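**Q** Each chain, written out:
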Amino acid sequence: MPEADTILGLYDVQYRWPGRTSFGLHVPNLTLAPAETVLLLGESGSGKSTLLSLICGTIIAQSGVVSVAGNNIASLSAGKRDRFRAETIGLIFQQFNLLPFASVQDNILLPLQFAPMRRKRVTGLVAEAERLCRALGLPSDIMTARAGALSVGQQQRVAAARALIGTPQLIIADEPTSSLDGTTQATFLQLLFAQSRAHDTTLLMVSHDARLSSQFDRVIQMADIAQTVRGSA
Amino acid sequence: MILRLALASLAARALTVAMTIIAIALSVALFLGVEKVRTGAKASFADTISGTDLIVGARSGSVQLLLYSVFRIGNATNNMAWKSYQDIAARTEVDWIVPISLGDSHRQFRVMGTTPEFFDHYKYRSGKSLAMRDGAIIYDLFDAVIGADVATTLGYNIGDPIVVAHGLASFIEHEDQPFRVSGILEKTGTPVDRTVIVSVQAIEAIHVDWQTGAQRPGQATPADIIRQMELEPQAITAALVGVKSRLRVFGLQRSINEYTQEPLLAILPGVALQELWQIVGIAETALIGVSIMVVVTALIGMMATIFSSLNERRREMAIFRAMGARPRVVLGLLVLEAVLMAALGAILGLALLYVGLFVGQPLINSAFGLWLPIEVPTLRELWAMFGVIVAGAIVSMVPAFRAYRMSLADGMMVRI
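Order-wise, the sequence lines are chains A and B. Just so you know, we're using this note's numbering here: the first sequence kicks off at 9 and counts up by one. Just so you know, we're using this note's numbering here: the second sequence kicks off at 339 and counts up by one.
Since the hints were derived computationally from the structure, they do not count as laboratory data. Keep in mind that a hint or two might mislead.
[Stated by the list, open to error] Not the full set, but computed from the structure, chain A residues with beta-carbon under 10 Å of chain B:
1) Leu-60
2) Phe-92
3) Phe-109
4) Pro-119
5) Arg-142
6) Thr-152
7) Gly-156
[Stated by the list, open to error] Now the stretches of chain B that chain A is said to cover, found in silico as 3 or more residues with beta-carbon under 8 Å:
8) 586–598
9) 646–660
Computed from a predicted model, the values in this text were never measured in an experiment. Note that beta-carbon positions come from the ideal geometry of N, C-alpha and C, so glycine has one too.
Work the whole structure out from these sequences, hints included.
**A** What follows is the structure in structure tokens.
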């Protein structure tokens with residue numbers, strides 16, 4: 009059951025995708041402490057995306073408990089889950105993170121649109137967005153640029169700024185560096201770590217790249233925490 | 339911010355969005371244009387004759403009497419005797435009375451015999467009088483005033499001779515009695531434009547040497563002898579009547595309808611016009627139907643564009659979902675986009691209509707005699723535009739709901 013000092017807890021979670029693609033996931037126990045940085049290593053097809061969807065509440069486990077910041081995800085209504093996700097979780101994807109037609113500023117501020125509490129924590133929306141951009145090494149005149157016009161590296165940093173704004177308790181990054189080259193990768197991670205440490209944010213990064221391990225508090229192998237279930241039910 | 343994002347998203351697909359908006363704009367312009375023409379036609383139809391209280395003719399149907407006496411369509415089944423005309427003229431209620439004598443033609447145009455008072459009493463477009471573009475009204479027995487269309491079609495000028503044919507589309511012409519164009523009327527947009535107007539005496543005069551539709555053998559009577567003859571008509575086709583007091587119209591109508599000497603019919607032009615419009619009105623309904631279908635087609639086109647954009651926009655919707663937007667927001671966003679497109683289309687369509695009116699108004703007036711007023715949009719037109727926007731929102735619900743289901747299923751992970 010949820011403990012006070014866990015930001016994220018999965019307890020005996022069973023999930024099976026609906027339909028004939030009988031792919032399921034079983035997670036007996038996974039907990040993350042506040043301000044912890046965790047690297048989750050796993051090959052593709054090991055159920056990483058399913059796990060992230062469970063944590064974010066876009067899918068609901070058939071049994072077991074998914075607890076984020078002390079809230080049982082399954083006990084919330086669909087609408088409340090969406091709101092809860094916006095309030096508590098900052099998300100960075102592998103690529104195509106941003107609305108290409110919108111400005112960098114609008115992209116960064118977008119999650120606050122659906123998270124009034126998180127929005128309240130930010131004083132001076134534009135100033136905070138600018139500060140994050142600077143901290144992540146983006147040029148100051150980037151705010152009005154169209155997101156689609158940026159380089160992939162810049163787009164990932166904008167996505168990081170978007171995940172960080174309003175200091176959500178948990179940041180989930182799904183292979184955020186796989187579309188970047190070596191040096192950009194290193195700088196990106198450095199900046200992301202600096203920012204999440206500055207706000208005591210828990211960081212869960214999913215990757216297949218074991219070389220990143222040294223930078224994290226803890227490294228978990230997907231195979232150790234979860235079993236995938238295949239075949240007919 | 340959501341509105342700004344919707345606009346930015348539309349701007350990013352500028353070409354297809356512009357095409358969709360143009361299609362909606364054209365359809366809205368067509369619809370509003372048809373409305374304008376329809377109301378304009380209805381108004382100018384109702385304005386064909388005004389200021390006349392009663393039309394009197396031989397007994398037939400009221401629409402038929404209206405058709406041949408005012409619109410010069412069809413023929414009178416019977417004439418009314420000159421004696422009856424004089425009896426009506428002598429009544430105290432009658433302010434003025436103008437005879438109309440039809441039956442002859444000049445080329446494809448009808449010839450109408452009347453008295454000079456016709457020009458004083460015939461009114462159209464709520465009280466407008468006939469105006470001379472050139473020349474003067476009938477002074478001489480063989481003077482003819484021609485309508486604007488007659489003048490343009492046949493290229494007549496003042497002083498040109500006219501030969502009147504007996505009957506309609508007949509080859510027997512009254513060559514012995516040539517008329518002279520004494521005046522050309524301004525364009526009115528009424529059947530007067532297509533009429534050759536002469537005096538009732540002249541109609542008698544050209545028939546002096548004729549008996550029961552055929553020319554009497556022998557020498558034609560010379561014009562100067564005809565001038566000295568007593569040319570009182572035996573019969574006329576119809577008469578326009580004005581009463582001294584509006585209140586007495588119905589009394590007069592009843593007594594004419596009950597006239598014992600011969601069966602007569604008196605009609606109120608406004609009522610008969612209404613009856614006639616009910617017949618013509620079927621075409622009007624069809625016209626509205628067709629233009630509504632065009633608007634619907636444009637909206638379905640918009641729906642198709644939204645549908646085809648859904649797949650390429652899955653990622654966009656997934657981003658919204660990941661940021662905590664409910665599927666409802668995704669649905670709302672698509673409907674908002676559709677409403678924006680429909681609204682832009684409707685406004686652009688209205689603008690197109692006004693451009694069209696400014697360019698087309700003089701052309702339509704001179705070609706068809708149809709005056710389309712340029713005025714601020716009527717409430718009806720605004721409702722129509724609002725209807726287009728609402729219809730756009732409703733139509734967009736179909737792809738929007740699909741997007742809703744897609745984004746529910748996709749969540750924040752899209753595998754493309």
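**Q** Take the hints in turn and mark each one as holding or not.
**A** Results of checking the hints against the structure:
no.	hint	verdict
1	Leu-60	holds (8 Å)
2	Phe-92	holds (8 Å)
3	Phe-109	holds (3 Å)
4	Pro-119	holds (4 Å)
5	Arg-142	violated (22 Å)
6	Thr-152	violated (12 Å)
7	Gly-156	holds (8 Å)
8	586–598	violated (count 0)
9	646–660	holds (count 6)
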